[in-house]
Amino acid sequence: MQVRLKPIHGAYTDLTLCEGEFLLGRDAECDYNVEHVTVSRRHCKLTVAEHEVHVCDLESLNGTRINNRRIAACTPLRDGEFLAIGDVIWDVSISEHTIQSGLSVLDDEDEASSEVDSADLSGLAVPFEAAHAALDSGIIPTEFIKA
Numbered sequence: 076m077q078v079r080l081k082p083i084h085g086a087y088t089d090l091t092l093c094e095g096e097f098l099l100g101r102d103a104e105c106d107y108n109v110e111h112v113t114v115s116r117r118h119c120k121l122t123v124a125e126h127e128v129h130v131c132d133l134e135s136l137n138g139t140r141i142n143n144r145r146i147a148a149c150t151p152l153r154d155g156e157f158l159a160i161g162d163v164i165w166d167v168s169i170s171e172h173t174i175q176s177g178l179s180v181l182d183d184e185d186e187a188s189s190e191v192d193s194a195d196l197s198g199l200a201v202p203f204e205a206a207h208a209a210l211d212s213g214i215i216p217t218e219f220i221k222a
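By the working numbering, the letter at position 136 of the sequence shown is numbered 211, and the numbering carries on one by one without gaps.
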């Protein structure tokens, strides 16, 4: 199984997660370092298993939301949903196709280009309503930054 997180706004980097557990937050020890004032040091954990994906909020101050609904417990994450940690929002794509274990950043051809320990996602904050407006307009950011 493969999960692709596509940021809605900001310095665009598509992230791909294959089977495993991944911490997101501001702390340098997180698998994905998300530098934003609304993101806690250890904000949430994503678990990608063979046939399911779960997101768990780690008692963050500003919460973790799926489709603008704050979650309190580990919650299944589904294809086409929006994942928000603080004010940072991603469009979620889930497929059974797996490119490799671990984390990667995708290049223009959607191929895995490199393994990364963390990715700088600073500047991705956007109000949830603006994210929906961008999707409704059909204009989705397509720039990619290689780590």
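Treat the hints loosely; a few may be bogus.
Claimed, not checked - Each pair of labels, with its calculated beta carbon distance range: (1) Ala86 <-> Ser168: 14 to 22 Å; (2) Gly85 <-> Asn142: 26 to 34 Å; (3) Arg117 <-> Glu171: 25 to 33 Å; (4) Arg153 <-> Glu96: 27 to 35 Å; (5) Asp154 <-> Glu96: 28 to 36 Å; (6) Ala103 <-> Ser170: 15 to 23 Å; (7) Val112 <-> Met76: 14 to 22 Å; (8) Gly155 <-> Ala124: 33 to 41 Å; (9) Glu127 <-> Ala147: 26 to 34 Å; (10) Ala148 <-> Glu125: 18 to 26 Å; (11) Leu136 <-> Glu171: 18 to 26 Å; (12) Glu104 <-> Leu136: 16 to 24 Å; (13) Val112 <-> Arg145: 15 to 23 Å.
The set of hints was computed from the structure by calculation and includes no laboratory data. All C-beta atoms in this analysis are idealised placements derived from N, C-alpha and C, irrespective of residue type, glycine included.
Outcome of range test on Cβ distance (Gly155, Ala124; 33 to 41 Å): Roughly 19 Å apart at Cβ, these two residues miss the hinted range, so it is violated.
Outcome for the supplied range 14 to 22 Å, where the beta carbon pair is Ala86 and Ser168: With Cβ atoms ~19 Å apart, the hint holds.
Assessment of proposed distance window 14 to 22 Å (beta carbons of Val112, Met76): Given range 14 to 22 Å: violated, Cβ gap about 32 Å.
Outcome for the supplied range 26 to 34 Å, where the beta carbon pair is Glu127 and Ala147: Check failed, 19 Å falls outside 26 to 34 Å.
Gly85 versus Asn142 beta-carbon gap, inside 26 to 34 Å or not: Check failed, 20 Å falls outside 26 to 34 Å.
Distance restraint hint 15 to 23 Å, applied to the beta-carbon atoms of Val112 and Arg145: Because 18 Å falls inside the window, the suggested range holds.
Distance restraint evaluation - Leu136, Glu171, Cβ atoms, bounds 18 to 26 Å: 35 Å, violated
Assessment of proposed distance window 16 to 24 Å (beta carbons of Glu104, Leu136): 18 Å, holds
18 to 26 Å as the expected CB spacing between Glu125 and Ala148, which holds or is violated: 21 Å, holds
C-beta pair Ala103, Ser170: status relative to the range 15 to 23 Å that was hinted: 30 Å, violated
Cβ separation of Asp154 and Glu96, checked against the hinted range 28 to 36 Å: Check failed, 20 Å falls outside 28 to 36 Å.
Range hint compliance [Cβ, Arg117 to Glu171, 25 to 33 Å]: Once the Cβ atoms are compared, 29 Å apart, the range 25 to 33 Å for Glu171 and Arg117 holds.
Of the numbered hints given earlier, the model fails hints 2, 4, 5, 6, 7, 8, 9, 11; all others are met.
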